[in-house]
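On the provided structure of chain X, position chains G and L as indicated by the hints.
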Amino acid sequence: MTQPMEAKRLNFFMDKINGNFKKKDILSLDQFDPKSLSKLFRTTDTIIRKLKRKKRLTSLSGKIIALLFFEPSSRTFGSFASAVKRLGGQTIEVQDVGRNSSVAKGESLSDTIKVFESYSDAIVIRHPEKGSAKIAAQAATTVPVINAGDGTGEHPTQAILDLYTIYQKFKRLDNLTGLIAGDLLNGRTVHSLIKGLSLYKKNALYLLSPKSLGLPTELMNNLAKKIRLVEIENETDMPTNLHFWYWTRVQKERFKNLQEYKKVKNRFIIAPELVVKKGNQHMIIMHPLPRVGEIDPRVDDDERAVYLKLQVPNGVYTRMALLTLILSRL
Amino acid sequence: MTQPMEAKRLNFFMDKINGNFKKKDILSLDQFDPKSLSKLFRTTDTIIRKLKRKKRLTSLSGKIIALLFFEPSSRTFGSFASAVKRLGGQTIEVQDVGRNSSVAKGESLSDTIKVFESYSDAIVIRHPEKGSAKIAAQAATTVPVINAGDGTGEHPTQAILDLYTIYQKFKRLDNLTGLIAGDLLNGRTVHSLIKGLSLYKKNALYLLSPKSLGLPTELMNNLAKKIRLVEIENETDMPTNLHFWYWTRVQKERFKNLQEYKKVKNRFIIAPELVVKKGNQHMIIMHPLPRVGEIDPRVDDDERAVYLKLQVPNGVYTRMALLTLILSRL
Amino acid sequence: MTQPMEAKRLNFFMDKINGNFKKKDILSLDQFDPKSLSKLFRTTDTIIRKLKRKKRLTSLSGKIIALLFFEPSSRTFGSFASAVKRLGGQTIEVQDVGRNSSVAKGESLSDTIKVFESYSDAIVIRHPEKGSAKIAAQAATTVPVINAGDGTGEHPTQAILDLYTIYQKFKRLDNLTGLIAGDLLNGRTVHSLIKGLSLYKKNALYLLSPKSLGLPTELMNNLAKKIRLVEIENETDMPTNLHFWYWTRVQKERFKNLQEYKKVKNRFIIAPELVVKKGNQHMIIMHPLPRVGEIDPRVDDDERAVYLKLQVPNGVYTRMALLTLILSRL
Chain X
488 MTQPMEAKRL
498 NFFMDKINGN
508 FKKKDILSLD
518 QFDPKSLSKL
528 FRTTDTIIRK
538 LKRKKRLTSL
548 SGKIIALLFF
558 EPSSRTFGSF
568 ASAVKRLGGQ
578 TIEVQDVGRN
588 SSVAKGESLS
598 DTIKVFESYS
608 DAIVIRHPEK
618 GSAKIAAQAA
628 TTVPVINAGD
638 GTGEHPTQAI
648 LDLYTIYQKF
658 KRLDNLTGLI
668 AGDLLNGRTV
678 HSLIKGLSLY
688 KKNALYLLSP
698 KSLGLPTELM
708 NNLAKKIRLV
718 EIENETDMPT
728 NLHFWYWTRV
738 QKERFKNLQE
748 YKKVKNRFII
758 APELVVKKGN
768 QHMIIMHPLP
778 RVGEIDPRVD
788 DDERAVYLKL
798 QVPNGVYTRM
808 ALLTLILSRL
Chain G
488 MTQPMEAKRL
498 NFFMDKINGN
508 FKKKDILSLD
518 QFDPKSLSKL
528 FRTTDTIIRK
538 LKRKKRLTSL
548 SGKIIALLFF
558 EPSSRTFGSF
568 ASAVKRLGGQ
578 TIEVQDVGRN
588 SSVAKGESLS
598 DTIKVFESYS
608 DAIVIRHPEK
618 GSAKIAAQAA
628 TTVPVINAGD
638 GTGEHPTQAI
648 LDLYTIYQKF
658 KRLDNLTGLI
668 AGDLLNGRTV
678 HSLIKGLSLY
688 KKNALYLLSP
698 KSLGLPTELM
708 NNLAKKIRLV
718 EIENETDMPT
728 NLHFWYWTRV
738 QKERFKNLQE
748 YKKVKNRFII
758 APELVVKKGN
768 QHMIIMHPLP
778 RVGEIDPRVD
788 DDERAVYLKL
798 QVPNGVYTRM
808 ALLTLILSRL
Chain L
488 MTQPMEAKRL
498 NFFMDKINGN
508 FKKKDILSLD
518 QFDPKSLSKL
528 FRTTDTIIRK
538 LKRKKRLTSL
548 SGKIIALLFF
558 EPSSRTFGSF
568 ASAVKRLGGQ
578 TIEVQDVGRN
588 SSVAKGESLS
598 DTIKVFESYS
608 DAIVIRHPEK
618 GSAKIAAQAA
628 TTVPVINAGD
638 GTGEHPTQAI
648 LDLYTIYQKF
658 KRLDNLTGLI
668 AGDLLNGRTV
678 HSLIKGLSLY
688 KKNALYLLSP
698 KSLGLPTELM
708 NNLAKKIRLV
718 EIENETDMPT
728 NLHFWYWTRV
738 QKERFKNLQE
748 YKKVKNRFII
758 APELVVKKGN
768 QHMIIMHPLP
778 RVGEIDPRVD
788 DDERAVYLKL
798 QVPNGVYTRM
808 ALLTLILSRL
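Protein chains in written order, with my numbering: chain X, 488 to 817; chain G, 488 to 817; chain L, 488 to 817.
Derived by calculation from the structure, the hints in this document are not laboratory data. Treat each hint with caution, since some may be false.
All copies of an identical chain are treated as equivalent in the list; a pair is satisfied when it fits inside any one copy or across any two copies.
Said to hold, decoys possible - For lysine-lysine, the following BS3-like pairs were computed, each having C-alpha atoms within a straight-line distance of at most 27 Å: (1) K509 with K539; (2) K656 with K537; (3) K550 with K537; (4) K526 with K509; (5) K509 with K796; (6) K510 with K541; (7) K542 with K509; (8) K765 with K542; (9) K656 with K713; (10) K539 with K749; (11) K510 with K537; (12) K539 with K510; (13) K749 with K526.
Looking at chain X on its own, in the form it has when it is part of the complex:
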């Protein structure tokens, strides 16, 4: 009697295009809803449980995943490579497609994708241009395409690992109050996370940033009905009962007025003092990484600091879950 659940899963992780089934492309967090995220997170839980029991996972055994990286990103590259290999799969890796390939000879992205479609069972694409993942997905007619970051566009698996890390800690994604700090204007990571949390009920977010780096007005207006957003400009305004702090980097290069940068840059650093003053026992401290100074390394040993201890491994586990759901079954 697993038929109905199986059917439901297929429903989400399988698309029907012009009458043909195609395994689902993962291009944006917008494709997900609480139901499909829940399925993904339960699969992640299962994978973690099996790994802890030293079970050998084989859901990608015999499968080849192309990792086409049109720009450098060793972190995301390594995470996907690890996910594929821990599931018994193999990779075809081109870490600098622009330089190493027919692309240099003037080939279109669509043709490159159509070629690698013959080489693999799925394509993970990282590309500096917004919208390129969608172009790739349209070109690939038989294998699924996973967006591993397309410029200022989306990076859905980063958002998924962030949401999973919060879920893992609190066993829910509703009724949470968090802080998101740093550059809220430019960060695609931050935008996706806020959108993700807005899918769930009764969440609230404090947005801590210099005025010039606040959440884009359009996004603010779109989300205002779905999630409570409170802009603050000073750590002293931070409540002490937050569930999570999600910190990002304030990028000096974004400031035209260096005086203003200097004014805010020291305020936006997590040091042990801030954790003592504003933290609470149950919260977690998150960061998408890489960090360049905005979290004092002395905080790393704090068990609430999960950017290295949980977010990074969860990146592998959630990608394992996603690949398994799309390409196989556990």
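Showing chains G and L alone in chain X's frame:
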């Protein structure tokens, strides 16, 4: 009683050098004759049949193939990587040997090859200089070397996949009439294909190119006795009963006189109109890729267009067959 | 009754840090003593024996080894990749971390290592800066780090393969007399080899180099009590009963006075004539590679020349042994 056939296979895919057996290097299409090509193509047929039945192939299980790419070529790289991994083998990949290696420190190609010989069971080499594959093969005394393109020299596995694609469609490689269009002066792909077809009886080729980019006279003279070659300069001279069109790129940079380039460049594009006007129901449209404008993407959906739909996957399958015959048995 | 021996092995290849066990980092040859080297070499012997019998080795099956190369080194990269794969393991490969990664965004080495720790079961690091391997090892709290060369620092697995090659030939590492020639001032390879041989009794080394490129005085003084060192400046002073010649490159760029370089450069080349004049039947001729002219290729066919025939494959076998002892059991 499979002994004699086994022996014959070994005969072709095994060399005896100074009394020692060495698995055969694949350096040039010239090494092949109809008999060995037939063996290779039947093995390719078998591999395709097994893959369709979802059979797991293991002929390279436990084997390591070094992919030494001294110049970028993501397409050929990916095709070999896929071939090795679909056969259960593993790769050692250096995608930019010149920059990443002892070569940068002044090491000779022979020494580099002798080193990688200790790391692998076969070496696939891509190199910008003509003759380098042969140097590599002479350096490697225990493992076979496969030429994946040596500059203006040879690219035998490209020629093999082209021949196989024609064979797959027509179930023969004799009694065929085709068209080869574009730059016939410089294309190593085109030269190898013509040589390959000249091994079989009663083939004819129409050669469509601007005068300045015609087949080199020496090659023309060498092949004239073996295959009927008809030079034309205009699509209006194309017969309508051709078995295949093999299109290549006319490279602007080859023209000294830009006026002449402008005169011909628009004639040498396949658009749906040309297919309607000069095509027939049973023909196939081929291209070695990458293309940069010389085939209108609207042609892609035509089922006769096989450059993406058949040539690319056949590149993987024929390389799988070749690796299997050299290194193992199916 | 294998308990005690197992315990001893764990003792060496396992560290206890702050009460937690961690598989041993391999940072320097100084960590080894004759006992642990003996264990390593016996494991290497076993591996070679099993490979000769075509036994499939699986000691890294299910394991992922990250190869983080912050500078190019195709030889060491290929050797480690081959070692991992011949043991059934998989790799995560970043061949140019500096350019391809978060490092380019300003991430610290420690953070990069902590991230890749989540992706793998061990990290092999190559880095241009002395001391970086140690920093990496301190950052990694759960997986072992293996130094594959840190600038002018150490390259322990190169030293191990050199020592093993001598051991393999003479079945001992004491009571040997060898020659080390070339640049003894700058070569980390040479320094490690001398240190390694000084762990054993009754060894003697002739040191052949131009005055300006002699062994650093400090090292000379440190080792003088442990091993007999005889500096010579001329091949005519070479005894004919040496067990091994270990040749390295005299680097032109080290000389301020080009006249002096010209004076010595031709003396420091091994040609067949020197082998006839100063060699003996049982010796071996070694070189860490790459070579750039200092060994005449005509010497390669001499069976005493082991730089390509034994040192390179032994590099793979000793790394296989090391990885097996650290991560698994055979």
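Worksheet item: Between copies, within a copy, both or neither: which fits K509 and K796 at Cα up to 27 Å?
Response: between (36 Å within a copy, 17 Å between copies)
Worksheet item: When no copy is specified for K656 and K713, does a C-alpha distance of 27 Å or less occur within a copy, between copies, both, or neither?
Response: within (23 Å within a copy, 58 Å between copies)
Practice prompt. Have a look at K765 and K542 and pick one of within, between, both or neither, based on CA distance no larger than 27 Å.
Written response: This pair counts as neither: shortest intra-copy Cα distance 41 Å, inter-copy 59 Å.
Fill in: Copy assignment of K542 with K509, given that the CA separation must stay at most 27 Å
between (30 Å within a copy, 21 Å between copies)
Discussion item. At most 27 Å between alpha carbons: which applies to K510 and K537, within, between, both or neither?
Written reply: both (25 Å within a copy, 22 Å between copies)
Worksheet entry | Alpha-carbon proximity context of K749 and K526, limit 27 Å | neither (45 Å within a copy, 58 Å between copies)
Discussion item. Within, between, both or neither: how does the pair K550, K537 come out at a Cα-Cα threshold of 27 Å?
Written reply: both (20 Å within a copy, 15 Å between copies)
Worksheet entry | Same-copy or cross-copy closeness of K539 to K749 [CA-CA at most 27 Å] | neither (46 Å within a copy, 63 Å between copies)
Worksheet item: How would you label the pair K510, K541 (within, between, both, or neither) given a Cα cut-off of 27 Å?
Response: between (29 Å within a copy, 17 Å between copies)
Worksheet item: Taking 27 Å as the upper bound on the Cα-Cα distance, should K526 and K509 be classified as within, between, both, or neither?
Response: within (19 Å within a copy, 35 Å between copies)
Item to complete: Check K656 against K537 for me: Cα-Cα at most 27 Å, and say if that holds within a copy, between copies, both or neither.
Response: Within. Shortest intra-copy distance 19 Å satisfies the 27 Å Cα cut-off; inter-copy 47 Å does not.
Item to complete: Indicate which option fits the pair K509, K539 if close means a Cα-Cα distance not exceeding 27 Å: within, between, both or neither.
Response: between (33 Å within a copy, 17 Å between copies)
Comparing the model with each earlier hint shows violations of hints 8, 10, 13; every other hint is respected.
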